[in-house]
Amino acid sequence: TCLGIDIEGQRDVLGLWVTENESAHYWATILSELKSRGVEELFIVCIDGLTGFKEAIESIYPKAIIQSCIVHQIRNAFKYVTRKDRDALIADLKKIYKAPSKDIAEQALELADELWGKKYGVVIRSWRENWHYLSQYFQFSPAIRKIIYTTNNVENLHRQFRKVTKSKVIFTNDQSLIKILYLTQKELSDRWTQRPQGWPEIISELLIHFGERLEKYLER
Numbered sequence: 002t003c004l005g006i007d008i009e010g011q012r013d014v015l016g017l018w019v020t021e022n023e024s025a026h027y028w029a030t031i032l033s034e035l036k037s038r039g040v041e042e043l044f045i046v047c048i049d050g051l052t053g054f055k056e057a058i059e060s061i062y063p064k065a066i067i068q069s070c071i072v073h074q075i076r077n078a079f080k081y082v083t084r085k086d087r088d089a090l091i092a093d094l095k096k097i098y099k100a101p102s103k104d105i106a107e108q109a110l111e112l113a114d115e116l117w118g119k120k121y122g123v124v125i126r127s128w129r130e131n132w133h134y135l136s137q138y139f140q141f142s143p144a145i146r147k148i149i150y151t152t153n154n155v156e157n158l159h160r161q162f163r164k165v166t167k168s169k170v171i172f173t174n175d176q177s178l179i180k181i182l183y184l185t186q187k188e189l190s191d192r193w194t195q196r197p198q199g200w201p202e203i204i205s206e207l208l209i210h211f212g213e214r215l216e217k218y219l220e221r
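Here the numbering used here is used: position 25 in the sequence shown is 26, and no number is missing along the way.
Mixed in with the good hints there might be a few duds.
List of simulated lysine to aspartate or glutamate pairs, DMTMM-like, C-alpha gap at most 20 Å [claimed, not checked]:
(1) LYS103 with ASP86
(2) LYS180 with GLU206
(3) LYS167 with GLU21
(4) LYS217 with GLU21
(5) LYS80 with GLU59
(6) LYS99 with GLU111
(7) LYS147 with GLU206
(8) LYS96 with GLU107
(9) LYS95 with GLU42
(10) LYS99 with GLU115
(11) LYS103 with GLU206
(12) LYS85 with ASP114
(13) LYS103 with ASP93
(14) LYS64 with GLU42
(15) LYS180 with ASP13
Just the calculated beta-carbon pair ranges, DEER-fashion [unchecked claim]:
(16) SER37 with LYS217: 15 to 21 Å
(17) TRP193 with LYS36: 19 to 25 Å
(18) ARG214 with ALA92: 36 to 42 Å
(19) GLU107 with PRO63: 37 to 43 Å
(20) GLU213 with LEU184: 35 to 41 Å
(21) GLU107 with LYS85: 25 to 31 Å
(22) GLU23 with LYS164: 37 to 43 Å
(23) GLU107 with ASN174: 45 to 51 Å
(24) LYS180 with ARG126: 39 to 45 Å
(25) ARG126 with LYS95: 16 to 22 Å
(26) PHE79 with SER190: 29 to 35 Å
The set of hints was computed from the structure by calculation and includes no laboratory data.
In this text, a Cβ means the ideal position worked out from N, Cα and C, and glycines have one as well.
All chains, please: the whole structure from these sequences, using the hints.
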């Protein structure tokens, strides 16, 4: 599912796809489809850990800022941490992604490494290796960070999808599944009238950041 927020602050489902395989080539096909349908620009993209997705975005929309979902990054840590250490480790990781600035976040990451690096090296290493994509949101104000640091909007939509699909054991084909998902999202999106809080201020900040790339769409 690709869920977007346009320059008016309105949410919209840009596309739904069903696949058994995920690869950079597949995602490039999806993004090329979006571009051919009129999605000229992606300014900020929040994604989870789908294989090859970052590379596809960088190929089709090379100017887009890519933010990896912090919530998925935290959940991924659960696989490697014992229950007794979980709360303490998550509290230290929270100091990273809740930091007021990137510099302070990097200091918190260093501290987390000192405290947990030997025991849970795979967790800390994941944060370090993905830091470029995990830390993009620090260049924005809290109002924008709140929107882009997680894919929760898509996850919430998927929860609604599961409510309507769980009672149906078999779909005759992918198209029948997509039809139900489309009708569900259409019903939900008709209720999406609320813009993110402080949207005029958000657009003003984005204009400072993206300049003429964004300004030309506001003038249309």
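ask   = For the pair GLU23 and LYS164, does the Cβ-Cβ distance stay inside 37 to 43 Å?
value = 24 Å, violated
20 Å Cα cutoff - pair LYS80, GLU59 = Violated - the C-alpha atoms of GLU59 and LYS80 are around 29 Å apart, more than 20 Å.
query = Using the C-beta atoms of PHE79 and SER190, is the stated range 29 to 35 Å upheld?
reply = With a Cβ separation near 32 Å, PHE79 and SER190 satisfy 29 to 35 Å, so the hint holds.
request  = Go ahead and decide if the range 19 to 25 Å is satisfied by the Cβ distance of TRP193 to LYS36.
outcome  = Holds - the Cβ-Cβ distance for TRP193 and LYS36, about 23 Å, lies within 19 to 25 Å.
inquiry  = Given the hinted pair LYS167 and GLU21, is their Cα-Cα distance within 20 Å?
reply    = 19 Å, holds
Pair hint LYS99 and GLU111, alpha-carbon separation not exceeding 20 Å = 15 Å, holds
query = Does 37 to 43 Å hold as the CB distance between GLU107 and PRO63, or does it fail?
reply = 26 Å, violated
inquiry  = Would the hint linking LYS180 and ASP13 be met if the CA-CA limit is 20 Å?
reply    = 17 Å, holds
query = That 25 to 31 Å hint for GLU107 and LYS85 (C-beta), does it hold up?
reply = 28 Å, holds
message = Please verify whether LYS99 and GLU115 have alpha carbons no more than 20 Å apart.
response = Holds, at roughly 19 Å.
task = Kindly confirm whether 35 to 41 Å is satisfied by the beta carbon distance between GLU213 and LEU184.
result = Holds, since GLU213 and LEU184 (Cβ atoms, about 39 Å apart) stay within the stated range.
message = What's the verdict on LYS180 and GLU206, does the C-alpha distance respect the 20 Å limit or exceed it?
response = 38 Å, violated
Checked against the numbered hints given earlier, this structure breaks hints 1, 2, 4, 5, 9, 19, 22; the rest are met.
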